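*Asks:* Let chain Z serve as the given structure and place chain F on it in line with the hints.
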Amino acid sequence: MSDLVLPDDPDFGWEVQVDYPGYRSTRFRAPDRPLVTLPEELHRLDGPVFGEDDLGELDWDLTRQHEGEPIGERIIVSGRVLDEDGRPVRGALVEIWQANAGGRYHHEVDQHPAPLDPNFSGAGRCLTGDDGGYRFVTIKPGSYPWGNHDNAWRPAHIHFSLFGRMFTDRLVTQMYFPGDPLQELDPIMHAVRDPKSRALLVARFDLANTQPEWALAYEWDIILGRGGGATPPDID
Amino acid sequence: MRTPSQTVGPFFSIGLCRRDENELGSELRLHGRLIDGAGEPIADGVIEVWDASRRKWGRCGTDGQGMFEFTIDPPEPRLYVHVLARGLLRHQLTLLYPPGASDELLDSLPAEARATLVAEQEDGALRFDIRMQGERQTVFFSE
Numbered sequence: 363m364s365d366l367v368l369p370d371d372p373d374f375g376w377e378v379q380v381d382y383p384g385y386r387s388t389r390f391r392a393p394d395r396p397l398v399t400l401p402e403e404l405h406r407l408d409g410p411v412f413g414e415d416d417l418g419e420l421d422w423d424l425t426r427q428h429e430g431e432p433i434g435e436r437i438i439v440s441g442r443v444l445d446e447d448g449r450p451v452r453g454a455l456v457e458i459w460q461a462n463a464g465g466r467y468h469h470e471v472d473q474h475p476a477p478l479d480p481n482f483s484g485a486g487r488c489l490t491g492d493d494g495g496y497r498f499v500t501i502k503p504g505s506y507p508w509g510n511h512d513n514a515w516r517p518a519h520i521h522f523s524l525f526g527r528m529f530t531d532r533l534v535t536q537m538y539f540p541g542d543p544l545q546e547l548d549p550i551m552h553a554v555r556d557p558k559s560r561a562l563l564v565a566r567f568d569l570a571n572t573q574p575e576w577a578l579a580y581e582w583d584i585i586l587g588r589g590g591g592a593t594p595p596d597i598d
Numbered sequence: 024m025r026t027p028s029q030t031v032g033p034f035f036s037i038g039l040c041r042r043d044e045n046e047l048g049s050e051l052r053l054h055g056r057l058i059d060g061a062g063e064p065i066a067d068g069v070i071e072v073w074d075a076s077r078r079k080w081g082r083c084g085t086d087g088q089g090m091f092e093f094t095i096d097p098p099e100p101r102l103y104v105h106v107l108a109r110g111l112l113r114h115q116l117t118l119l120y121p122p123g124a125s126d127e128l129l130d131s132l133p134a135e136a137r138a139t140l141v142a143e144q145e146d147g148a149l150r151f152d153i154r155m156q157g158e159r160q161t162v163f164f165s166e
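First to last, the sequence lines map onto chains Z and F.
The first sequence maps to residues 363 to 598 in our numbering.
The second sequence maps to residues 24 to 166 in our numbering.
If you're looking for bench data, these hints aren't it; they were derived computationally from the structure.
Possibly wrong hints are sitting among the right ones.
To be verified - Computed list of lysine to any residue pairs in SDA-like fashion (alpha-carbon distance at most 20 Å, straight line):
id: 1; chain 1: F; residue 1: K79; chain 2: Z; residue 2: G453
id: 2; chain 1: F; residue 1: K79; chain 2: Z; residue 2: D421
id: 3; chain 1: Z; residue 1: K558; chain 2: F; residue 2: K79
id: 4; chain 1: Z; residue 1: K502; chain 2: Z; residue 2: D421
Stated by the list, open to error - Which stretches of chain Z does chain F cover? Using the computed rule of at least three CB atoms under 8 Å from a CB of chain F, they are:
id: 5; stretch: 427-439
id: 6; stretch: 452-459
If you're wondering where the values come from, they're calculated on a predicted model, not measured in any experiment.
Cβ atoms here follow ideal geometry from the backbone N, Cα and C, with glycine treated the same way.
Just chain Z, same shape as in the assembly:
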């Protein structure tokens, strides 16, 4: 196990270790030459802006995209997208995708012998509101085996993709569920070496937002983009 999950290292920094050896697919894909520093004026720039036109009517509700209801535990996943100073990031495009309740993706490459659910595609989109808030209704995804090492199973997770204000505020990450024993064994999570930073990937059970007799709820805030109140200079 030791070569899969390296010891915590709070000094590594908050970001993920891109060449983390426990996740085998990094071997031929993580860049092996040092990154070049981009001149400040080249990367302090606005990013793409998305609007309602980019959304489908029911993109936020993954349980209502087909004729019938998907199998599984209905959940509400909501939270706020904030910068490092705690200010809301408005109008951020949030895209999610996930496995179904049985741990199978609606994707031709996924050969895990768990059933596909004809009523679940597992993809959603929304824009954050004025308070940085987002909200999805979905099904709790199942765990699934992934062949990285002997008896490897991914902890249950939802993939998130975000576009913030600045071009450099691009983030693709995964949200995990509290109390999942597979997390301590997962090289992808542990590629974030700082335990405090890794903890930011785990949602909180959210009793206040549950809907009695209908759905449990999880809250997950996302910290996207530097604080400091800097506004981007006009360039190019």
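*Replies:* Chain F alone, transformed into the frame defined by chain Z:
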């Protein structure tokens, strides 16, 4: 402290490639191949292109040969390119310049590194291969 990155994994196309989004211009075809450190094509990658001067954005998943394709307008002066893939725990940033381009940043790089950022003319289209590792690795930038 910000929320850290995680890989897109192998199944991102259900979330990120639901619609055609690879037209951010009309004048030029841009295509290329995403290649790993063993020289193999990366079939589960996604390339995002940002034309900051025109505020046009697009993305394209790679196919079984690692190929991606966009329609763009001629870069003035450069395009920003994000690379995401299974096996890549954080997206990487590179820049695409048109053939013959020159600026302070390009001129500051050694010739081999500079060449990885400059697209080639190929049958009226631009060709831009992206190599994740090795002697000819594409220059990636810190953000």
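*Asks:* Take the hints in turn and mark each one as holding or not.
*Replies:* Evaluation of the provided hints:
no.: 1; hint: F:K79 to Z:G453; in the structure: holds, 17 Å
no.: 2; hint: F:K79 to Z:D421; in the structure: violated, 23 Å
no.: 3; hint: Z:K558 to F:K79; in the structure: violated, 37 Å
no.: 4; hint: Z:K502 to Z:D421; in the structure: holds, 17 Å
no.: 5; hint: 427-439; in the structure: violated (count 0)
no.: 6; hint: 452-459; in the structure: holds (count 3)
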